[in-house]
Amino acid sequence: MTFQREMKAHFIKKIIFLSLVAVIIPVTIACQKEKEEAREETGITTLHFVTWKPNQPGAWEEILRIFHEENPDIKVVREIGPHSSSAFHDLLTQKLKNKSQDVDVFLMDVIWPPEFAAAGWAMPLDDRFPHTEQETFLKSTIMANTHDGSIYGIPFFIDSGVFYYRKDLLEKYHFSPPKTWEQMARQISKIVPGETKLGIEIYGFSGQFKQYEGLVCDMMEYILSNNGLILDPETGKSALSEKPAIEAVRFVRDRIIGSSAPIGVLTYQEPESLDLFIQGKTVFHRNWPYAWEIANNPEHSRIVGKVGITKLPYFRGGKSVSTLGGWQVGISNYSNKKGAAWKFARFLTSPRIQKLYSIKTGKAPARKELYNDPEILQNNPHFAEMKDVFLAAYPRPRSPLYPAISNILQRYFSKAISDSDSDIEKEAKEASEEIDKILSLTE
Amino acid sequence: MRLSVIAREKIFAVSLIIPSILFVTVFAFYPLLYSFYLSLHRIILGLPGLGQPFIWFENYRELFADRIALHAMINTFLFVFLSTFFEILFGLCIALVINQHFRGRGVVRAAVLVPWAIPTVVSSQMWRFIFHDKYGLVNYAIYGSQVSHYKAWLADPVFAFSAIVVADVWKTSSFAGLLILAGLQMIPDELYEAARIDGASAWQQFKKITLPLIRPALLIALLFRTMDAFRVFDLVFVMTQGGPADATNVLQFYGYKKIFAEGLMGYGSTISVLVFVITLFISLAYIRVLGTRLFEERI
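Line by line, the protein sequences give chains A and B.
No gaps in the numbering here: position 415 of the first sequence is 414 in numbering that gives the first Met the number 0, and each next residue is one more.
No gaps in the numbering here: position 34 of the second sequence is 33 in numbering that gives the first Met the number 0, and each next residue is one more.
Just so you know, these hints were derived from the structure itself, not from any lab.
On a predicted model such as this, the values are computed, not experimentally measured, just so you know.
The beta carbon of each residue, even a glycine, is placed where N, CA and C say it ideally should be.
There may be inaccurate statements among the hints.
What the hints assert, rightly or not - EDC-like mimics (lysine to aspartate or glutamate), calculated; alpha carbons at most 16 Å apart, straight line: (1) A/336 with A/132; (2) B/133 with A/384; (3) A/342 with A/126; (4) B/133 with A/126; (5) B/133 with A/72; (6) A/436 with B/61; (7) B/150 with A/126.
Stated by the list, open to error - One side of the interface only, derived from the structure: several residues of chain B facing chain A at Cβ under 7 Å: (8) 50; (9) 215; (10) 219; (11) 222; (12) 260.
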C-alpha cells in the first residue's frame with residue numbers, strides 16, 4: 000500500500016508539473032504576441048514578406064535597407080522559402096489556405112495569379128493599380144496578372160527563354176549563331192567531334208528536361224516554334240496531338256536528348272544545366288536571362304567574355320518563341336495591414352527599385368521604360384537586342400487549375416523524350432484527354 | 000463513502016490510460032477520419048466556386064480508373080518488395096557480425112547505425128550526388144577518368160528506380176539489423192555450447208538454432224520495414240521528383256502532388272486513404288501470422 004501511495008504522490012507531482020508546462024507555454028507565447036502588438040501600437044507596422052531564397056542576396060538586403068530608411072514606421076520581416084518555384088508554391092499556398100497572418104506580401108510566379116485569384120488568396124488591386132498605371136508595364140506581364148477582368152499582382156521582373164552560345168567556338172568553326180534547331184544540331188555535329196579530337200570534353204547543348212515545371216517551359220518553346228500549340232485558344236482544348244506538336248516533341252527525343260545534349264539533361268533543372276555551360280562543357284545553352292550575369296562572372300564561370308546571347312532557334316517555317324516567366328508582387332487577402340503592404344509592393348515594383356534590381360542581378364525589368372535606360376543597357380547590353388524577345392514572350396496556359404495541367408504536361412513530355420521507343424502519338428492522345436478533363440471542370 | 004480497493008485501482012488505471020487515448024485520438028484517429036471525410040467530397044482549391052459537394056465514392060471510382068495511380072501503385076509495391084528483401088538480408092548480415100565478440104565492437108555497432116541516424120532528406124541529397132552524371136562517385140568508381148563513358152543513372156527509368164532502392168537499403172538495413180540483433184542476444188549461449196559438443200558445424204548451428212530463434216525478430220523487422228517502405232516519399236521527392244517518365248512515381252508522392260501542388264484535396268485524400276487501407280491490411284496479415292507464432296514460442 001505504501002508503495003502505491005508513493006506512486007500516487009509521484010503521479011500527482013507529474014500531473015502538476017505537466018499542467019504547469021501546459022499553462023506556461025501558451026502564456027509565454029501570448030506574452031510574445033502582446034509584445035509584438037505593443038510595438039505596433041508605438042507606430043511600427045510589421046509586414047511579413049514571403050519570398051524565395053535569392054541567387055544574389057545582396058540586392059535584396061540593399062532594397063530592404065532603402066525601404067526601411069524611407070519608411071521608419073514599417074518593418075519588413077522576410078520569410079525566406081525554397082528556391083524552386085514548385086516547392087515555394089506548396090509552402091505559400093499552404094499558408095494562404097490556412098488564412099495565415101504571417102503573410103502580407105508575397106512573390107508570385109507568372110503562372111499563379113489565376114489560381115490565387117480564383118481561390119481568393121490574392122487581393123484584387125484594381126482600385127490602387129489603375130489601367131493607366133498598368134500600361135507602363137510590358138503587356139504580357141499585365142495579362143498574366145489579370146483574371147476575370149481584375150488584376151491581382153504587380154509585375155516585378157520578367158523572364159523569357161533565351162539562347163546562349165560560345166562565341167569563340169562558333170568563330171573557330173566559321174558558323175553564325177543558328178537560326179533553326181536543325182542548324183543547331185548540324186553545327187553541333189561539326190563542333191563537338193572537332194573539339195573532342197583535341198581532347199576537350201564538350202557536349203552540344205544543355206537545357207532543362209527533368210520532370211518538373213521547367214520541362215513545360217522548354218518543351219513549349221519547341222512546340223510553338225514549330226507553329227504548334229499546347230492549348231488551342233479557339234476550341235479551348237489540348238492541341239498536343241496535332242502534327243506540329245508531335246513533330247517538335249519527336250525532334251527533342253531524337254535530335255536533342257542523348258545526341259545534341261548529354262542524356263543527363265533529363266535530370267537537369269536550371270542550375271545543373273547552367274553549370275555545364277559555364278564550365279565550358281557545352282556549345283549552346285537555353286536558360287533565362289539571369290544566366291548572363293553568372294556566365295560573365297569570373298568567380299563562377301570559365302567562359303567569361305566568350306558568351307553570346309540571342310533569340311531561341313525555331314523550326315523551318317516557324318518563328319522563335321520564348322516562354323514567359325517572371326515574378327509578381329501580390330498582397331494576401333487575409334492581411335490586416337493592407338495599407339502598409341501596398342506601400343511595400345508599390346516600392347518593390349517602382350522604376351528605381353526595378354532598375355537597381357536589374358543592374359545587380361541581370362534580371363529583365365517588367366517596366367517598359369527601363370529598356371531605354373542607359374545605365375541598365377550599359378550593364379546588360381543585350382537588353383536592347385532582346386527587348387523584342389521579352390515583349391513577345393509567350394505565357395503558359397492560364398487557368399486556376401494550371402498546376403494540374405502542368406503535372407500532366409510534365410509527365411507526358413518526360414515519357415515522350417526519355418524513352419527512344421516511346422509512342423509519342425499515344426502518349427499525346429492520353430495527355431490530351433486528361434487535360435481536356437481538367438479543363439472541363441473550370442467550365 | 001469509501002470505494003473498494005479494486006474500484007480505486009480501476010480509477011487510477013483509467014486516469015493513466017486517458018492521456019495516451021487522447022493522444023492517439025487527436026493525432027491518429029482524427030486525421031484519419033478527416034481524410035476519409037475529405038475523400039468523399041470534391042474539393043478543388045483553385046475552384047472555390049464549386050463548393051465542396053458530397054460525391055459519395057466518386058473519387059474512389061476515379062482512382063481505380065486512374066492509370067497513373069495504378070502505375071504508381073505498381074512502383075510502390077515493387078519498391079516495398081525489393082527494398083524490404085535486401086534490408087532484411089543485409090540487416091541479418093549486420094546483426095550476425097555485430098553480435099560477435101571482437102575488439103572495437105562498440106565502434107562498429109555505432110558506425111553501422113550512422114546511415115539510419117541521418118535524416119532521409121540529407122541522405123537522399125547525398126545519393127543524388129553519388130549518382131550524378133558528371134561528378135558522381137558511382138561513375139568515378141566504375142569508369143574512372145573515362146569521362147565520356149559516364150552514365151546518367153537518374154535519367155534512366157530502370158536505373159533511377161534502382162537508385163532509390165539502393166538509397167533506402169543503405170539507410171535502413173542497419174535498423175533491421177538492430178531489431179535482429181535484439182533477437183540474437185536473446186539466444187542463450189548454452190544452446191551453441193551444447194551444439195558444439197554434439198559436433199554441429201557453424202552452418203548447422205545457424206540453421207538449427209539461430210534462424211528459428213530469431214524468427215520473431217525477423218518478422219518484426221519485416222513488418223516495420225514493409226510498412227515504412229510503403230510510405231516512401233522523401234527519397235523520391237529529393238532524388239527524382241517522380242521522374243524520369245514517372246518511373247519513380249510512388250503513391251505517397253502522387254498523393255502529395257495532388258493535394259499540395261494541384262490543390263485537389265478530395266482526390267488526394269482518397270489516395271492517402273488507399274495507402275492507409277493497404278498498410279492496415281499488410282499489418283493485419285503480419286499480426287495474424289506473427290501474433291500467433293510469437294505466442295506459441297513464448298509457451
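Keeping to a limit of 16 Å between CA atoms, is the pair of residue 133 of chain B and residue 126 of chain A held or broken? Roughly 53 Å between the alpha carbons, so the hint for residue 133 of chain B and residue 126 of chain A is violated.
Residue 336 of chain A paired with residue 132 of chain A [C-alpha distance capped at 16 Å]: 23 Å, violated
Distance restraint between residue 133 of chain B and residue 384 of chain A, which requires alpha-carbon spacing of 16 Å or less: 34 Å, violated
Classify the hint on residue 219 of chain B as holds or violated, based on whether any CB of chain A lies nearer than 7 Å to its CB. 31 Å, violated
Less than 7 Å between beta-carbons is the criterion; does residue 222 of chain B satisfy it with respect to chain A? 32 Å, violated
Given residue 50 of chain B as an interface hint, is its Cβ closer than 7 Å to any Cβ of chain A? At 13 Å from the nearest chain A Cβ, residue 50 of chain B fails the 7 Å test, so the hint is violated.
Do the numbers back the hint for residue 260 of chain B, that is, is its least Cβ distance to chain A under 7 Å? 5 Å, holds
Would the hint on residue 215 of chain B stand, with a C-beta cut-off of 7 Å toward chain A? Hint on residue 215 of chain B: violated, closest Cβ of chain A at ~32 Å, above 7 Å.
Check whether the Cα positions of residue 436 of chain A and residue 61 of chain B lie no farther apart than 16 Å. Holds - the C-alpha atoms of residue 61 of chain B and residue 436 of chain A are around 12 Å apart, at most 16 Å.
Take the C-alpha atoms of residue 133 of chain B and residue 72 of chain A, compute the straight-line distance between them, and say whether it is at most 16 Å. Distance ~51 Å between residue 133 of chain B and residue 72 of chain A Cα, so the pair is violated.
Does residue 126 of chain A sit within 16 Å of residue 342 of chain A, going by the straight-line distance between their CA atoms? 14 Å, holds
Hey, residue 150 of chain B versus residue 126 of chain A, does the alpha-carbon distance stay inside 16 Å? 56 Å, violated
Of the numbered hints listed earlier, those contradicted by the structure are 1, 2, 4, 5, 7, 8, 9, 10 and 11.
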